[in-house]
Amino acid sequence: MDMKRVITMVAVLSLAAIPAFSQRGIQQPTHPPPPGERGSANMHVISHIPLGQPGSISDVEIEQDLDRPYAYVAHRGVEIGFDVIDLSDLNNVKVIKRWRIENPDLHVGGAMDGRYFKYKDRYYYVQSMQLRQSGPDSEVGAIVFDVTDLPEQMTEVGRIRQSESPGGFHNIFMYQHSSGKPLLLATSAGFAKVFDMGMFIDGDQTEMDPILRDENRELIGRIPVAQSEGMWSRGYHDFMVQYHPETGQDRFYGGGGSGYYVYNVTDIGNPELLATMIGVPGVAWGHTFTPTPDGNYAIGETEFQYQPLRIFDLRPALNGELPDKNIDHAVGAWHADWQSLAHNHEVRWPFVFVSGYQTGMTVFNMVDPTNPYTVGYYDTFNGIHNDRGAAMDRLGSPYTWQVYDGAWGVDVRNADGLIVVSDMTTGFWALKMDGFDGWNGEDWGMPNISSAQHWGNLPTK
Amino acid sequence: MNPCRLICAFSLLILMAAPSFGQATALERGSDNMKVLGHIGLGHHSSVTDLELEQDLDRPYAYIGRASIVDGGPKGMDVIDLSDPSNPEVIYRFRLENQDLLPNRGGMDVKYFRTGGRHYVVQSFEFGGGPLADLGAVVFDVTDLPDPNGVREVGRFVLPDNPGGMHNIFIYKHSDGNIYLLATVRGDMVRAYDLRKAVSGDIENSYVATIPTPEKDDITGSRRFYHDHYAAFHPDTGEDRFYGGGNDGYYIYDISDIENPELRITLTGISGVSWGHTFTPSPDGRFVVAESEYQYSPLRIFDLQPALDGDRLNIRQPISAWTADWENLSHNHEVRWPFVFVSGYLDGLQVFSLMDPENPQTVGYYDTYVGPTNSGFSSVINGAFGVDVRNADGLIVISDMSTGFWTFRMDGFNGWNGEDWGMPDISSVQKWDEESKEGTR
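Chains A and B, in that order, are what the protein sequence lines are. Converting from the first sequence to the working numbering requires adding 5 to each position, the first position being numbered 1. Converting from the second sequence to the working numbering requires adding 750 to each position, the first position being numbered 1.
Next comes chain B alone, as it looks inside the complex (with noise of 0.2 Å):
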């Protein structure tokens, strides 16, 4: 036979047979494009939650909530030293008093802020009684970092009339120049506090408004919830803008006037979604990624561009979709446009292109989880939790529920600035230095 037409022949064979692009297999577990810098363990399984990454390279920390999933873990919070990106390490453990009583649960998000000169990091914990069931979310001081002494305990959000906790948190620096945690709180939507009066010493009175759903006659109490969200600046309206996922879909307020939440979009009645979970915009607000919990989801990328006209208040239906396996299920991302970057729970770290919203594609990954699927809570919640990027450099992490803490590099991606790619310079990374948009307020 011709030499060519047998290597055309089987080129095409294995073709065929090759596994889809963005799935992992036990021996190529990754992309080439994709690299593994740094591994640490951090303990017993499906007991690692969320991280946050600095930003600034001359603090190279990371902070991952700990938390009892199932059951065995510790409730608390790992600081990871990374000026050696290869080589991370442990350099401070926070565990919560009286481990032994507080049930399953524990740190969940975990975000960072400055002001006044020094770094704070907000962990939220969540449990569902035990004496702590009413605490919400700790605040440290870690300004002195590396030096693990150095890391002083400021204050704790209680919410004493709201029990259970804070699943997710973030924190925004708001246009006016004030820095607000949004946090989820059980009972309620979400509420905004006043980071600059929690560290002054008056955390009990800097809690500042509540981010509601819209009102539905059906639903009332509890059954409004927000379970995730974001804030960025919108340049196109001078807003700051609140994007939540919750009861019935997602939704978008205004929060320029942080006690006067104005609702600006809805999403809701997509086929597929009774509720919304994690949800992010592009950097100019136009286009969001949507997720919602449970197996075979993928995440739904959607155009605002119909109600950001004023065409319509409600949008339902996705421009597309992506999942890296479609009988698993995507957790958090991180948008960095035209990347987004996504804790795929088992099919680990994935990392799809928007350049097309219409076609996303997938283009690199890295399965941080190889374990087994059933682990005793649900068989497609575990691996990679949460995911974070560090713009100044590109470098990407990753908190796995069970194989721990990672490091990564994916070739190209040496950093991120909005600008660099024709759109404004807005992610989940805030710019602490900025005093307020117009730096007069």
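This is chain A alone, in the form it adopts within the complex (with noise of 0.2 Å):
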């Protein structure tokens, strides 16, 4: 064939198949990927260590100071417990610690969130433990450790108890409040449960404080669920506490019983209702909620099939203008796949990075709330999508809808950029996104808030 023929028929094809300019962003493909192409171009895999039985990983946490080279990743199911991932080395990225409940075989259940934090110089780790009352040790919500002394060593610190609510915590959060507190969220009880954690690490100060102690001697808080009719859920399942420097308040975005909810918890005994997003078409329950830097939009996610991340304007409510202070109604929407469903998100403005499940992990931009689009991709679980039978089968439990395996959590180290995914079956992976190299608000025009807390250093208005 004549070559000048043959390039004009495929310059003319191409051109003919060119998406409409409006169509910004990459498509991720569906599954399978070709092989090769399990991520985008832009996207690379620094690291990947598998981490045991499929389906046994949850949720992973990095620590934020370059010379603190450490991530955490729970596990649930058979071994109980997290390992310490030590990313020192980024071509030698290996597990230094592995630490799991005593009497593995009595305990059922997993460990689910972990938070790190930094109070009087020493480092902590909070590993969240949701354990079923056909074991021991129920009343457990989560356990702390001393992390200050890896890669060499780190010693249980104590373990948060709440007796009345068993069960466990589902999900944590660790903030640093504007009253200098080191607090750590818990869902509990239909509450977001605040406990003070210096005065837990602070611990016994007199000889009679371990005969009187209460186990809810650090409870400072309790931050409610607006109640309204026919509630799917009467408590949270996630949430996120942020500075507001417009307001100089503590904001908490929480989302769980018929959607989403956020508090002014400045007075953290007395926390304020500002905003609600119940009623919204689609969203009968929250599940992740998190907000932009400013506070001005949050991303929310309910945690069904076919359900798209979607991205609340939150000004008209805060700014008085509805009477309700309800908005029922998304302005964005966001997909990987609408046959799958996204997981866990952390926003580094305009990027919401996203453990999709089945979808791996996925960065959106933002920068028009309205129009979010796919900027970069990599697909770490490669394993049946879909597939009812088999998650039934393997996972067995009636709380599933095949689309929950994959990709469960994902941080980002501000300081370089580096993304770290935890995969529910395929394990732990780190990766680096070109052209994004670390992250600070300012540099984008935003205040420098994210899920990274600014550890000894308090907010200013």
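Since the hints were derived computationally from the structure, they do not count as laboratory data. No residue lacks a Cβ here, since even glycine has one placed at the ideal position from N, Cα and C. Please note that the accuracy of each hint is not assured.
Between beta-carbon pairs, the in silico distance windows are [to be verified]:
no.	chain 1	residue 1	chain 2	residue 2	range
1	A	G30	B	R906	48 to 56 Å
2	B	P853	A	H459	56 to 64 Å
3	B	N1064	A	G274	42 to 50 Å
4	B	A776	A	G440	28 to 36 Å
5	B	G793	A	R227	55 to 63 Å
6	A	D398	B	P985	30 to 38 Å
7	B	P853	A	S139	53 to 61 Å
8	B	K1181	A	S139	51 to 59 Å
9	B	T987	A	D398	28 to 36 Å
Partial chain A-side listing against chain B, Cβ under 7 Å, derived [what the hints assert, rightly or not]:
no.	residue
10	G287
11	A289
12	Y311
13	Q312
14	A338
15	H340
To give a feel for the contact side, a few chain B residues facing chain A, derived at Cβ under 7 Å [to be verified]:
no.	residue
16	G1022
17	S1024
18	Y1044
19	S1047
20	A1071
Since each chain comes alone in its own frame, lean on the hints to assemble the complex.
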């Protein structure tokens, strides 16, 4: 065939096939991706460590200081505990500690969410636990470790118990409150319970303390779920707390109940409801809920197949334009694959890093919140998608709609832009995205606020 | 470079860059296998609602509800002559009296029936207030079409105790030989009316029964409702079955004894479905296609077999789902197994195949609406509202809220009879000449 004709023909065909100009971003391929194309060209795998049985991995946390290059990955099911991963040499990432709960044959459930904090120059890691009442320790919500001396050693400091509401803490968040206190927020018994971790670490001050100690000693607040008719759930599933520079308030963003809730928690003992997002079509219940650095928008997840991540503009409620303070619709939505389900996410404006279960890790840009678009991805989960029979056989849970496998957790190290992912089945992943070599909100005209806390530095208005 | 390698490389690029199958672009509005036969605009945007196509080839008429969804639309019904499907023509326009006094909304759903050798159409109406707030539907004798002067109003279903009208209706030829209008009624659930009695001059006493949603302690009064419904004979059991979408999900009742409906199956507690909208079974009653009316919601496919086998009463997990575009919303649909014809609002006409119910596949489409998404009502509710299919020849018709009436043919679909697909010959199309299933009653 004549070369000029070939070139002309393919050029015409190519032009005809180019999507309209308004279609920005890239399209993540549906499963299975072609061989060698699990990720977009701008996403690079730094490391991958399988961590055990399929379906056994839950959340991930990475320390933010480059001189403390540690990530923590939680395990559930057969092995309950967490692994510490050393990232000091990105060419040789390795597991350096494996903590497992005592009497493993007796315990049922798992370690779920993990968060670290710094207090009085020492570093601590809090591992949330959900242990069923069919085994021991169902009253344990979290176990606290002193990890200052990693990589050599770590020691258990104590356990947070809630005997009146057994079942543990599904999600936790560590927040440096504007009062200076390191606060642990935990899902428990219809509330986000707030524990003063300074009080917990400082421990017993007198000889009588151990005798008089109450397991609620550090419990300094309970953030409720605003009640409404026909609630799907009475409690929270997940949350985040963030300083709001414009008002000088500490603000709580929670998903649960019948949707999403924003509270002013500056006075932690007296939370004040600021906004709700209930009655949103398709959202009977809120899951993960994360604000932008300025608190103007928030990303809401609802844990059902086919549901996109929704983006809400909070301003009409926060500015007093809505008498009932309720926002009943999203301004934008994003999906990696409409047949799947996105899970957790980390906001580093304008990017949102998503652990999307079966779609792996995807990054979208929300610079225009009404038109978010995908800018990078890597499919960490190459197992069977949407396989109901296999999922039921393997996970053995009625609480599955065959989409709950793959990337569970994601975290981002702001200092250098390292992305870490915990995949329920394939383990730990470290990734880098071209052009994302770190994050400071001010570089993007935003407050430098994310889930990464500035331990020891109080926020300023 | 080797020409073959060049072609391969560019072909791959093209595949990667091409829009997903099922999604139109402004210049490529339809798939190659979908042919537009005819189109007529019907006036003001957001003024066209549902439609119904007569099934007999010698009665080539379509009926379209007219309403003022935003502002400025007429409240009534249009009749379209399809003797030449490539040149559809409006031959009759019914408009309610005192149009200026009527608030927004108007004619919604429309269905036809035949009895005693005459042909009738029921046009439902819906008004939230005004002088006709108690009007549910108007019945017309259309036997003398195409002569517009022969169209005669037979009677009106009036609901003085339940103002707000009838949003959706379905006309079912029951296995006992009776013809029932099944209508959603504000403040009630679905009411059944005896249409033979209605057209015989006793419309006031034609109300026969109410088909409820199941009782629940925390759901009372107007919180028990249906939005849309369907009825079909279920050959395996010999039952007449009602399929309704309403509060909390979807329900299936045995209505063989219309005055004593018996609950058979529920579909509630479905993730992402707080209430059900359109709900249509496959001809054998094993699978159902279920819509939930909000942006981002796909059509869900459920397998009723575990409930049909008696293993459980409630089904809460779909086996699959389908969407033309996850950012939009599909509306009504007509099942002609294995095909499902969808009026997909902003996505226009879409056809998908349920040949493998766990993996529905788009097989054809045409975007009837390429206008702006925000027309003052809802950002995803505009475009194709209603769809119907003529079984005799496979003609597909669409009523588009803003662009009007469309006729289509899909390559290879020249008619439908369920038995050709190994299924009972059951669809929304009724067999008016069948006296009863036994032929004796």
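Structure-based check of all given hints:
Our hint of 48 to 56 Å for A/G30 and B/R906 holds, since their Cβ atoms are close to 54 Å apart. Distance hint check for B/P853 and A/H459: the Cβ-Cβ separation is about 57 Å, which falls inside the suggested range of 56 to 64 Å. For B/N1064 and A/G274, the hinted distance range of 42 to 50 Å is satisfied, since their beta carbons lie about 43 Å from each other. Under the hint 28 to 36 Å, the C-beta atoms of B/A776 and A/G440, about 32 Å apart, fit the expected range.
Between B/G793 and A/R227 the CB atoms are about 59 Å apart, so this pair conforms to the stated range of 55 to 63 Å. Between A/D398 and B/P985 the C-beta distance comes to about 34 Å, which sits within the given range of 30 to 38 Å. Range check, B/P853 to A/S139: Cβ separation about 60 Å, and the 53 to 61 Å hint holds. In this structure the hint that B/K1181 and A/S139 lie 51 to 59 Å apart at CB holds, the actual value being about 58 Å.
About 32 Å separates the C-beta atoms of B/T987 and A/D398, a value consistent with the hinted range of 28 to 36 Å. Taken as an interface hint, A/G287 checks out: its beta carbon lies about 5 Å from the nearest beta carbon of chain B, inside 7 Å. For A/A289, the suggested interface contact is upheld, since its CB lies about 6 Å from the closest CB of chain B, less than 7 Å. Checking A/Y311 against chain B: minimum C-beta separation of about 5 Å stays under 7 Å; hint holds.
The restraint placing A/Q312 at the interface with chain B holds, with a minimum CB-CB distance near 6 Å, inside the 7 Å limit. For A/A338, the interface hint holds, the least distance from its beta-carbon to any beta-carbon of chain B being 6 Å, beneath 7 Å. Because the closest C-beta pair between A/H340 and chain B is about 6 Å apart, less than 7 Å, the hint holds. The interface hint given for B/G1022 holds, since its Cβ lies 5 Å from the closest Cβ of chain A, which is under the 7 Å cut-off.
With a cut of 7 Å, the hint placing B/S1024 at the interface with chain A holds, because the nearest CB-to-CB distance is about 6 Å. At about 3 Å, the closest approach between the beta carbon of B/Y1044 and any beta carbon in chain A falls short of 7 Å, and the interface hint on this residue holds. For B/S1047, the shortest C-beta to C-beta distance to chain A is roughly 6 Å, which falls under 7 Å, so the interface hint holds. Because the closest C-beta pair between B/A1071 and chain A is about 6 Å apart, less than 7 Å, the hint holds.
Consistency with the previously given hints is maintained throughout, with no hint failing.
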